[in-house]
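Peer 1: Each chain is listed here by its residues.
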Amino acid sequence: MIGTGILKGMAVTARNFVGSYFEKDRLITVQYPEERNPLPENYRNFPFLPYDGDDPEAGLRCVACKICEKECPPQCIYIVKSEDKKPDYMDKPQFYPKVFNIDISVCMSCQICVEVCPFEAIKMDKVFELSRRERFDALLLRKSDLAKPNEYYHSICPTDAAEVDAKLAEAAAKKKPAAPAAPAAAPPASAA
Amino acid sequence: MTATIQTLEPIERPPTTMGSRLEGELMEVSMGPQHPSTHGVFRMNVALEGEIVRKLKPVFGYLHRNHEKIGENTSYLGSMPYTDRLDYFCSMTNNWAYALSVEKLAGIEVPERAQYLRVILAELTRLQNHASLLGFLLSDMGAWGTPLMYAFREREKILDLFESLSGSRMMCDYMRFGGCRVDAGPDWMERAKKIVDLFPRFIDEMENLVVGNEIVIARTQNVGKLSAELAINAGITGPMLRACGVNYDVRKVDGYGFYPRFKFRIPLGEHGDTYDRLMMRALEMRESVGILKQALEQVPAGPIMNPKVKIRAFRPPVGEAYGRIEAPKGELGFYLISDGGTNPYRYRVRPPSFINLTVLEDLCLGHTVADVMVILGSVDIVMGEVDR
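Those sequence lines, one after another, are chains A and B. Under our numbering, the first sequence has 179 at position 179, and the numbering climbs by one with no breaks. So the mapping is simple: our numbering equals the position in the second sequence, first residue as 1, plus 1000.
Keep in mind that the hints were calculated from the coordinates and are not lab data. As the structure is a prediction and not an experimental result, all values here were calculated from the model. Even for Gly, the Cβ is constructed at its ideal location relative to N, Cα and C. Each hint should be verified, as a subset may be incorrect.
[Said to hold, decoys possible] Selected chain A positions facing chain B (Cβ under 7 Å, derived; list incomplete):
| # | residue |
| --- | --- |
| 1 | I6 |
| 2 | L7 |
| 3 | I28 |
| 4 | P33 |
| 5 | R36 |
| 6 | N42 |
| 7 | R44 |
| 8 | P73 |
| 9 | M108 |
| 10 | C110 |
| 11 | V114 |
| 12 | E115 |
| 13 | V116 |
| 14 | C117 |
Model the full assembly from the supplied sequences, consistent with the hints where possible.
Peer 2: Set out below in structure tokens:
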């Protein structure tokens, strides 16, 4: 009989309409600014630079090796290496980035900088509400905007951050068997 | 060469007089690129006789991003996130096709668990692609919003799975040469199982909306018929080819990944019209659910990454390779030539939706303007892949 197919379709619509009041998986939207779905731990958005300790300048793990700058597919990282050296978390004198800029209007959140970094110095952030009123400079993140404490990294990716801390502590302990007490214990202490 | 403005020959038009017969008089209409039903920025120059399409010229390139040339100037790994942006509905299958061709080029083995994860993610991609295609197609036919909303609801659940695994809903960038980037935990597997178990309910409802619906049948049956000969000659692949009754599926033909380990059938159409192409998607979703159930049962523990593969300074040996997979839209292939350096010497994509689009004129001739939209929807194009 003509019309039965349409009636069958109407029944589906009715079932979905009524079901959206009772079944959780028929209505999966949330009212965004008030309600938020929790972000998964693996969620990634734009890179940031975690630092150990309290001083964002001294605690930065980056040694300005420029590997991320070279590997970045859209070329959104800009680094200027320092002329002098400063001690890193193992008290070894290292170069540091005098300038570290990431243009997040170019960044495509691919995480390759995180994967290629040999020093665990760059990680992915989860901040996504980044709209700005200015068109030009506001989306260029400078070193001071990018540096965030290691505790912040622990708060957004606890599993990964604990792994990174354990790895760094192990490397520090291996490098400096003679003077074990103070510097080797420093990163995990600051992490906790 | 100097740039000169090309002088166009004046088009000879027959004199029009009101009240005369419209036969033989062609009117050129430009549909797109901002037409509500063109899937992306795609334009068609249609020559109409009354309401009947007599000529159709597709115009594209609005979304051209120089993907292949960028691929030749970036490292092998650096092209992986760009492949997400080809067919942005199915980034997982794009990743897999590219990873497969580089693995072929460099002779890299992939661990068992990674192969299973790839199959799971590719089939989830197929589910969400076909689901949203059905929604879009019904939306093109005038069922504005409602079926598309149901489809996007299911798609959202799968995208949530992708997000919790890879970190991003659509630009997954999940696969690497010799494996996958992140391992899926047991809770992820449980969530995936739950979603896969609930999915047939959605397919049933979608089929109830489509099968036997008089309006859908009137709009799709005998519309946009594609013969098997033309399909084969034009290089059509994927559900569009199988809707013509040609049994060709790269999953069966090549047996890449671990597909030979799974039991699944290839649905085949008979008439090659829009209705068959529509139903092909529904049937393929059922088979994908079957594959997913088997894969989620069998997935073994173990490493997900081949430890021998270097991330930095990856240089495959000199040679060339073509890796292809059955993407939701058809055969997706990457052809790479290596000269031993860190960048590919030649990087070529065989995009399924671009090649499937080449027969658009043959499908549309003799149909009305309203049918053009439905036919275009049933071809299943994503302009990110067509224009690259």
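Peer 1: Of the numbered hints stated previously, which ones are contradicted by the structure, given in increasing order?
Peer 2: Hints 2, 4, 5, 11 and 14 not satisfied by this model.
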